[in-house]
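Take a look at the letters that make up each chain.
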Amino acid sequence: MHTTVLILLLLAALAPMGVRVIGKSAGLIIATVSLAITGWYASRFGIVTAGAPILETMSWVPSLGVGVEFLLDGLSLTFALLICGIGGLVLLYTSSYLGDSPGLGRFYATLLTFMASMLGLVLANNLIVMFIFWELTSITSFLLIGFDFHRESARRCAWQALVVTGLGGLCLLAGIILLAIASGGSTGPEFAIRELDPGAILDSPLAGASVILTLIGCFSKSAIVPFHFWLPNAMEAPSPVSALLHSATMVKAGVYLIARLEPTLNEQRFWSDSLVAFGATTMLLGAALATRHVAFKKLLAYSTVSSLGILVMLIGLGAYAAAATYLIAHALFKACLFLVAGTATHIAGTKDTEAIGHLGRSMKISRWSALLGGLSLAGVAPFIGFAGKELTIKSGLNAGGLEAILLAIAIGLAAALTVFASIQVAFKPFFMPGPHKPEHAQEATWPEWLGPIILATLGLVLGLAPFLGMVPLVESFGASLAGAPLADDVTLGLGYLLWPPSIPLGISVLAVVIGIGLFMGRSPYRSLLAKTFAWDRFGPERTYDRLVGTTLASAQVLTNALQNGSLRSYTRIIVLTATACVALATLRIDAVASYLPSFGALTPFDVMLALTIAASAVSATMIRSRLGAIAALSGIGFAIAVYFVLHGAPDLAGTQFAVETLIVIIFVLVTHRLPRFARYTTNLSRSIDIVIALGLGSVVTTLTLLAMGSTVASPVSDFQAAEAVPSAYGRNVINVILVDYRAIDTLGEVFVLAVAAIGVFTLLTIRPSREAEATR
Amino acid sequence: MNSVIFQVAARVLLPVMLLLSVVFLLRGHNEPGGGFIGGLVAASGYILYALAVNLPESRRLLHVHPRTLISTGLLIAILSGVPALLVDQPFMKGKWIEVTIAGFEGVKFGTPFVFDVGVYLVVLGVTLLMAFTLEERYQ
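Protein sequences, first through last, are from chains R and C.
The first sequence begins at 1 in my numbering and counts up by one.
The second sequence begins at 777 in my numbering and counts up by one.
It cannot be assumed that every hint is accurate.
To be verified - Part of the chain R face toward chain C, derived, beta carbon under 7 angstroms:
#, residue
1, D651
2, A658
3, V733
4, N735
5, I744
6, L747
7, L763
Claimed, not checked - In silico contact screen, one side only, chain R against chain C (beta carbon under 7 angstroms); selected entries:
#, residue
8, F667
9, L669
10, G759
11, V760
The set of hints was computed from the structure by calculation and includes no laboratory data.
The beta carbon of each residue, even a glycine, is placed where N, CA and C say it ideally should be.
For reference, chain R alone in the conformation it holds in the complex:
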């Protein structure tokens, strides 16, 4: 399993080069690999659905016993098949859809990185590893939404998606850490999801906080109210991205995690109730908002929001089989519709479904994909979408009491609005007249129509014959959520659903009738809806805009206050902050005096050096010439180096000498071209500086004394000195520490050095561009 993720990452690294060398047919190879990986997962189908999850571990931090555990059970298998399968078809589609784009290589690299991350996310059995992949999907989604980065709106929407899902990610991180703590350390250092202890979490005072934070994370990712606004804006991305990320897979990451944590948290009333409440609200709101739009992808996006709400609600209701069925059905028909929408927009030259007419006459194959996908979305028998919807209504009714009545009304209403939406997006532009009839329109090339028709046909075949893999997958998916095999048989067969006539079937039929009715009377309905646009300013998107605006404005105020361009005030702020921090830390130590070291006898050398340092320091502040002040400062440094020599630290001394020399040279280089030194400050300002400087001097002195006095029982240096020769083959302990014991620290330091040098280089060589000069 780890290999599949690595293969996708490797492919991502090679993709840009591949596209450059062999052109857009590289997409065919990439798609084939992805479909081959789907095949590998399909070959595990039998083992997993027989009730034997596959667990594989790769060593990660062996010294801590931490590994990367991948778990393939019904839940992750379903997702893996969707990610790689739909991913493969989308990659194929892209080779034609974006075939002429100069960014094709970059697109493949990002999309493949996304697929690898998403696959890792659903397979990971450690919360932390899962979280890393989770964040990676957010970042790749950001890059893909902003794929067309020349457009300002694409950049804005990409940024919005990143901020919303990124903030959610932070909440999620806090949430999962609290979960692991609440679980009483049962998860070990790996934060293994399987080891979470439901009982301990239920009893823990942290339960509430951890559940709320985790839910915020999942809701923001899956565009659940009130975070739903980012998803329709994410439609700035190219159609293949919308199909794969923003309907079939990434937005379902939140649903996935909710499902994954369901066995652990389903005892918590708050968890289940929130899922049902937020899920149902999102379902209804998404379906209603979808009917406000006539643009292909906007409409589909809101319909996706509605579907995500349904999934969350179903998990909250404990209707695992329904959730599994609806999830698979939705991935199939929504990915299909997004791909067809992309092609149709290309061919028609507009995305307005109301304007386009009789597009089906030119798109001879895609029209069938649209029709079949649309029927599945509408929940018409015998498509798999029908089974999904029937089970959803049934689960709502099973809630019992008032809740059942409310849920049934909400689900029925949402279903009716969805029927309307699916006619608008999948039937109207292809089979009904419209003012805009593209001349000479032609069906797209085969990579573009093949994927959608496969997905649409699958929706029909699985609906007609659910025993072809669908039932065992749903059962095994449900068992992952329930933590045990499902009690009831999964009934997806059309016979069971259609006969004998039942209340769900009645609601379903009613929904279709109302949906068709709404579509017939869509002009008055739309003008009625138009009135609701005024409410948008109370909506969450405006709240988001206001929050971002306030943050930027306060950042501006803070920057102006702290960074006013005066070197003196920068120095003051830095020195005062350092002084305050050290002073506060010192004040918190009890019995400071007991830490002070005892002084041995002072040699004349020590006294002389101390006097030299003091004299240099004082004269550095008095001398009225830059070079003189620099020389005085370096006097301090050299005297300290001599101290090192006297007290047996030749390494430090050598480095100090070299650094001191270089500092003087660089100082001279910087200052010797400056105008003559002059004094501009008032006496008051200088007096303040003296006080600030003396403050820092005294806290540093105190700190040094305390540090020397506070030895631990067995200094680590003893061990380091003892082990230097036998295990590190070096007699110079300092060097052994630098290049062996703590080599990774040193590696980090040399990287920091390199980055700093590049920064200095850039600052020094930067020149205003000609345009910038012209506008001055």
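Go by the hints and put chain C onto chain R.
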């Protein structure tokens, strides 16, 4: 700076300082020295030369751009951690072999030394990049 003594001294000092820096680097593991100070000493030599003679001449003697030194150094430092990975040990765990160089038997050669060479190059490159750029700017 048009001082003849300074110029002559710099011409003599550069090779001496470079040699010294290599000595520092080589003996670093057992005696005072190491890649960091070695790099600093070598950089001082080039900077001295640039100040005494001129900058283009010093750059020419360096043969490569300081940026190349930085990137090469980082690469070497990272690669020095790889041999341990190949024998399934944590990244950067020191690996040693004994080799015979120029008739000296049992000379120990290990990945920490390779790492130190990387540090040497990075420090040399960083210092020179900053100093050369500054000097260029103010000339």
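Hints, verified against the model:
1. D651: holds, 5 angstroms
2. A658: holds, 4 angstroms
3. V733: Constraint on V733 (chain R) not satisfied, violated at 10 angstroms.
4. N735: holds, 5 angstroms
5. I744: holds, 6 angstroms
6. L747: holds, 6 angstroms
7. L763: With a minimum Cβ separation of about 9 angstroms from chain C (threshold 7 angstroms), the hint on L763 (chain R) is violated.
8. F667: Result: violated, 10 angstroms to nearest chain C Cβ.
9. L669: Because about 5 angstroms separates L669 (chain R) from the closest Cβ in chain C, which is inside the 7 angstroms limit, the hint holds.
10. G759: violated, 10 angstroms
11. V760: holds, 5 angstroms
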